[in-house]
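Undergrad: Listed below, chain by chain, are the residues.
Protein chains: 4
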Amino acid sequence: MKILAFAGSLRKDSYNKALIRAAKELAPSIMDIQIFDLEGIPLYNADLEAEGDPEQVAGFKNAIRQADGLLIATPEYNHGVAAVSKNAIDWASRPPKNAPLNQKPIGILGASPGLTGSARGQSQLRQAFGFTNSYCMPQPEILVYRAHQKFDETGKLTDENTRIYLSRYMEALYEWVNRFI
Amino acid sequence: MKILAFAGSLRKDSYNKALIRAAKELAPSIMDIQIFDLEGIPLYNADLEAEGDPEQVAGFKNAIRQADGLLIATPEYNHGVAAVSKNAIDWASRPPKNAPLNQKPIGILGASPGLTGSARGQSQLRQAFGFTNSYCMPQPEILVYRAHQKFDETGKLTDENTRIYLSRYMEALYEWVNRFI
Amino acid sequence: MKILAFAGSLRKDSYNKALIRAAKELAPSIMDIQIFDLEGIPLYNADLEAEGDPEQVAGFKNAIRQADGLLIATPEYNHGVAAVSKNAIDWASRPPKNAPLNQKPIGILGASPGLTGSARGQSQLRQAFGFTNSYCMPQPEILVYRAHQKFDETGKLTDENTRIYLSRYMEALYEWVNRFI
Amino acid sequence: MKILAFAGSLRKDSYNKALIRAAKELAPSIMDIQIFDLEGIPLYNADLEAEGDPEQVAGFKNAIRQADGLLIATPEYNHGVAAVSKNAIDWASRPPKNAPLNQKPIGILGASPGLTGSARGQSQLRQAFGFTNSYCMPQPEILVYRAHQKFDETGKLTDENTRIYLSRYMEALYEWVNRFI
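Chains as they are written, first to last, in our numbering: chain A, 1 to 181; chain B, 1 to 181; chain C, 1 to 181; chain D, 1 to 181.
For the record, the hints were derived by calculation from the structure and aren't laboratory data. Among the clues, some could well be false.
Just so you know, same-sequence chains aren't split out, so a pair can sit in one copy or run between any two.
[As the list claims (entries may be wrong)] Simulated pairs of lysine to aspartate or glutamate, EDC-like, Cα-Cα distance not exceeding 16 Å: (1) Lys12 - Asp152; (2) Lys2 - Glu49; (3) Lys61 - Glu160; (4) Lys2 - Glu25; (5) Lys97 - Asp159; (6) Lys2 - Glu160; (7) Lys97 - Asp13.
Isolated chain A (complex conformation) (with noise of 0.2 Å):
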């Protein structure tokens, strides 16, 4: 099972790539997961994506159509998503009749300084791909609040609960990515 995973944020010490880091490391051995990073991609544009599509979003699409599902950690900035992860959907539902989020199982997450660990940020990411046809598991859900003391110097997740709830919850979108292949 092969999972393209990817974090909504741009900061080298992101919390979310951090999160993306630990989910690789605990997740079932079958699921081989490539994580992709966002560097590169631009705003979305649709002057640009009518000059065919840039080289780094190219990849980005052609990676997803390569994926049997994906797993995408977001930040929460503003009550609401991330721009950063919201423009990578922007760009990867596109063509309407072809695009490669069509059909795609999907298990999000999300860190946060903060308290609410990303509630709002996620709630707006899952309504997207109700837009795009993708499955996103619904349950169980991961918050990864004051994401600050969860993670090492290195940014290895090191609070041992949350590595337990991610194993399992990885577990579970093993389980859920099987039901769409």
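Assemble the complex: chain A is given as a structure, and chains B, C and D must be docked to it using the hints.
TA: Only chains B, C and D this time, still in chain A's reference frame:
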């Protein structure tokens, strides 16, 4: 009264850019509307920000600070706010204690080719301004549906009903911004 | 395949009730659609629940348990899901560990007199099913706009395009529910 | 300044009812806070409404009309606003041209046993007031998380930090309502 207006689209012939131009044309003359183009504002990246706001971002944030209010026209993509709109807000919401968006009155509108006229995009954008402590005008609202039938090939708003609604909207926005300055 | 269908409206001549009847009429004959009326289900009250589910609630929850999937038509009020729809979900989401909604596949649709066709109401309703671990069909979606022009005075869906879309929707729902049983 | 306050819960020992009582206790003395109990308000039904508002509804709508502003504490159920809260708004949003909620300033808060503290419930409730043309205070916001640890067995708010935040919140609400009267 100084209003900073922008569309959450980079496309040259964007309906939302055209809507902003129409809003400027139809506004009470007492409103001095400056149109800002989001072209050149990069995706939000906290590492970039830590080195100092990029020039386009600094210009954008400065323009917000000098305005009495904002007018934003947003597309809807994937049942949510266009990433281009949200990205502008993600930058302008920083730094948390002294953000340009703090206490700014805001009018939101939007255009789309479909029937829902950007309804879900506007709802998500509005949600962001709860966090930034900005004052969104609740009503009236403008959902320009079937936008391709409302503008001519030069991007001029030609639909008479929409022109009337937009005139009233701009009068209401004038009153709204006036409450806060 | 047994489908439990209901409208989030108590009004006798509700467009959403009429839409549910049309869905039943147009569904593949292999779908056995039972229409449930929410009349008599009280507002959720944890004290009431602690004394045992009221009779109407128990009947509703039992009907959900016996169904292979659900079909829900919701009005939109005040840019969100009608309280009548949400209230039914608030009851059926209990108890958390063994809720009737757990793992149920669900189709959402909606009708409204306006142009947005219940778009925002549907989005909020969909959000609830992330919590209840239910499986909402992402696409196709049905937004019956200007509902007063689509039904005759007896509540029959007469708009030919809507009938065609609804037939296809019910075929898609059949396939969707079939994935999970 | 007259404030009408209510909780979107019917449970006798509701944390949100307790939060409303604490808000009344901690508010500036210049705020005259009347607490309204939603008990007895039926589910919205346009047929019922057509016969004249039921007595409890008429009393509720009248109390809103006489208030300078509202204070609402909402639970979150199923990642969204509690139906009890939304139902009160669905009644009070009527009739469209002359609704009690029109132009009312509003403060929203909420409590929940979990960590997200009703965040998603508050977001959805806030969305409703865009339609009703009410003026929601954007900040500060109060998300009382782990509510079972913040109140004593008599329903008194005992958590000192929450008491301090709530005092400041009520001062801010006083300023907010004052802008509009």
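Undergrad: All hints are to be evaluated individually against the structure, with a verdict given for each.
TA: Evaluation of the provided hints:
Only within a single protomer do Lys12 and Asp152 lie at most 16 Å apart by alpha-carbon distance; the minimum there is 15 Å, versus 44 Å between protomers. In the homo-oligomer, the alpha carbons of Lys2 and Glu49 never lie at most 16 Å apart, since the shortest distance is 27 Å inside one protomer and 35 Å across protomers. For a Cα distance limit of 16 Å, the shortest separation of Lys61 from Glu160 qualifies neither inside one copy, at 35 Å, nor across copies, at 37 Å. Taking the shortest alpha-carbon separations for Lys2 and Glu25, only the intra-copy value of 15 Å comes in at or below 16 Å, while the best inter-copy value is 42 Å.
With identical chains, the CA atoms of Lys97 and Asp159 are never at most 16 Å apart, being 43 Å at best within one copy and 26 Å at best between copies. For the identical chains of this complex, Lys2 and Glu160 are neighbours neither inside a copy (27 Å) nor across copies (43 Å), given an alpha-carbon limit of 16 Å. Proximity of Lys97 to Asp13 under the C-alpha cut-off of 16 Å is found in neither arrangement, the shortest distances being 37 Å within a copy and 23 Å between copies.
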